[in-house]
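Enquirer: For this one, chain A is given, so just place chain B with the ligands on it according to the hints.
Protein chains: 2
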Amino acid sequence: MSIDRLRRFIGDMTSLTGGAWQDKDENAVVEVGARLLGELVKHDDWLPEQAAKVPAHGYAQNLLWCDPFERFCVVSFVWAPKANTPVHDHEMWGLVGMLRGSETSLGFTRHPETGVLVPGTLTRLEPGDVEVLVPAPRNPAGDIHQVTNALDDRGSISIHVYGGNIGAVRRHTYDVKTGQPNLFVSGYTNREQPNIWDRSAEVRAAS
Amino acid sequence: MSIDRLRRFIGDMTSLTGGAWQDKDENAVVEVGARLLGELVKHDDWLPEQAAKVPAHGYAQNLLWCDPFERFCVVSFVWAPKANTPVHDHEMWGLVGMLRGSETSLGFTRHPETGVLVPGTLTRLEPGDVEVLVPAPRNPAGDIHQVTNALDDRGSISIHVYGGNIGAVRRHTYDVKTGQPNLFVSGYTNREQPNIWDRSAEVRAAS
Ligand SMILES: [Fe+3]
Ligand SMILES: [Fe+3]
Ligand SMILES: [Mg+2]
Numbered sequence: 001m002s003i004d005r006l007r008r009f010i011g012d013m014t015s016l017t018g019g020a021w022q023d024k025d026e027n028a029v030v031e032v033g034a035r036l037l038g039e040l041v042k043h044d045d046w047l048p049e050q051a052a053k054v055p056a057h058g059y060a061q062n063l064l065w066c067d068p069f070e071r072f073c074v075v076s077f078v079w080a081p082k083a084n085t086p087v088h089d090h091e092m093w094g095l096v097g098m099l100r101g102s103e104t105s106l107g108f109t110r111h112p113e114t115g116v117l118v119p120g121t122l123t124r125l126e127p128g129d130v131e132v133l134v135p136a137p138r139n140p141a142g143d144i145h146q147v148t149n150a151l152d153d154r155g156s157i158s159i160h161v162y163g164g165n166i167g168a169v170r171r172h173t174y175d176v177k178t179g180q181p182n183l184f185v186s187g188y189t190n191r192e193q194p195n196i197w198d199r200s201a202e203v204r205a206a207s
Numbered sequence: 001m002s003i004d005r006l007r008r009f010i011g012d013m014t015s016l017t018g019g020a021w022q023d024k025d026e027n028a029v030v031e032v033g034a035r036l037l038g039e040l041v042k043h044d045d046w047l048p049e050q051a052a053k054v055p056a057h058g059y060a061q062n063l064l065w066c067d068p069f070e071r072f073c074v075v076s077f078v079w080a081p082k083a084n085t086p087v088h089d090h091e092m093w094g095l096v097g098m099l100r101g102s103e104t105s106l107g108f109t110r111h112p113e114t115g116v117l118v119p120g121t122l123t124r125l126e127p128g129d130v131e132v133l134v135p136a137p138r139n140p141a142g143d144i145h146q147v148t149n150a151l152d153d154r155g156s157i158s159i160h161v162y163g164g165n166i167g168a169v170r171r172h173t174y175d176v177k178t179g180q181p182n183l184f185v186s187g188y189t190n191r192e193q194p195n196i197w198d199r200s201a202e203v204r205a206a207s
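Taken in order, these protein sequences are the chains called A and B. Counting in the working numbering, the first sequence runs from 1 upward without gaps. Counting in the working numbering, the second sequence runs from 1 upward without gaps.
Just chain A, same shape as in the assembly:
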């Protein structure tokens, strides 16, 4: 199986985001996508090792796949022990599937008058869990959050799926005290992606 799982997931997400009625029903894409991602991260036997290397500090955002029309992308986030993100938003739907280790996501809501960010729900993800992120106003709670590796002695890995090319869009980090947004274009850590399409060894073996 192994890398086949990722290829199958990419095919399914391509069908889902390229479907006719789904174009007008983002909720359906998110709901079905979350189930597909749940299947993918239920097994930890497929992530190419180049995309699983724990960095010395902080976190790596390794692009595994981008749809040719940038309708979705798949990214492996690899967290150093205790690493965390700034408080940030996404400007598109997002799905976070826990593959290895554990992470927490602390949600923030904006105070309607002052704009100050108020900490809300703390979600802890264990392997196989999927968190759904949908921006305001479609989701009143919004998608502003801060993610932290829940483990202080080991790396953790989550697989993120977004409704666009997340590394290339204008989004924001936030100053929690003032609620001030700052322009954020995250990019990707990897200049090279694993070649997931070289099935020659298995084809030769089956010949």
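To be clear, the hints were calculated from the coordinates, so they are not data collected in a lab. Hints are supplied without guarantee of correctness; some may be wrong.
Claimed, not checked - FRET-style restraints, in silico, Cβ to Cβ: (1) A:205 <-> B:45: 36 to 42 Å; (2) A:116 <-> B:55: 54 to 60 Å; (3) A:35 <-> B:84: 48 to 54 Å.
Where is the CB? At the ideal position from N, CA and C, for every residue including glycine.
Expert: Chain B with the ligands alone, transformed into the frame defined by chain A:
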């Protein structure tokens, strides 16, 4: 422009191979695809350098893109001086666009009685040229050929597009004297593909 050309080509080929009527009209895919590839190789300002490195000998087959449903792929072939392939077939349509340097393609036809391979047309490609390969019986001349770097003092690069995941299919090399086919699964040279989707630098620059 640069890498945008490749992204645009991939999008256009995805639309072309994913279209409704094209599924039943391979000739149209090949004809339109050849025009699109001609546009791509008219400019030599977009190939990522990892995929352009001239090997010490022989040739590198670097996968640049594979369609999520393996309906087509894009490969950069980088030839060492004088390098050539075995005589081989493809088992799918193919397009060869010359990007840098020059190569020759020597076609072979099978003798109807003896099966022996008879050399036929010699095609020389210069930058911007596109060769179309269609297997027998759809093309009576067939697609069996041998490709050689026409330059003996420099590397050459051609961009190949095939109607499937060329590195992962069972195809053949041939013994010219006897016509004997041998199983051939070419694979790819690169274990990593260039990340062509990190547009963060240009988005930041435009912000
Ligand atoms: Fe996030
Ligand atoms: Fe060939
Ligand atoms: Mg189709």
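Enquirer: Enumerate the violated hints, using their earlier numbering and listing them in ascending order.
Expert: Checked against the structure, no hint fails, so every one of them is satisfied.
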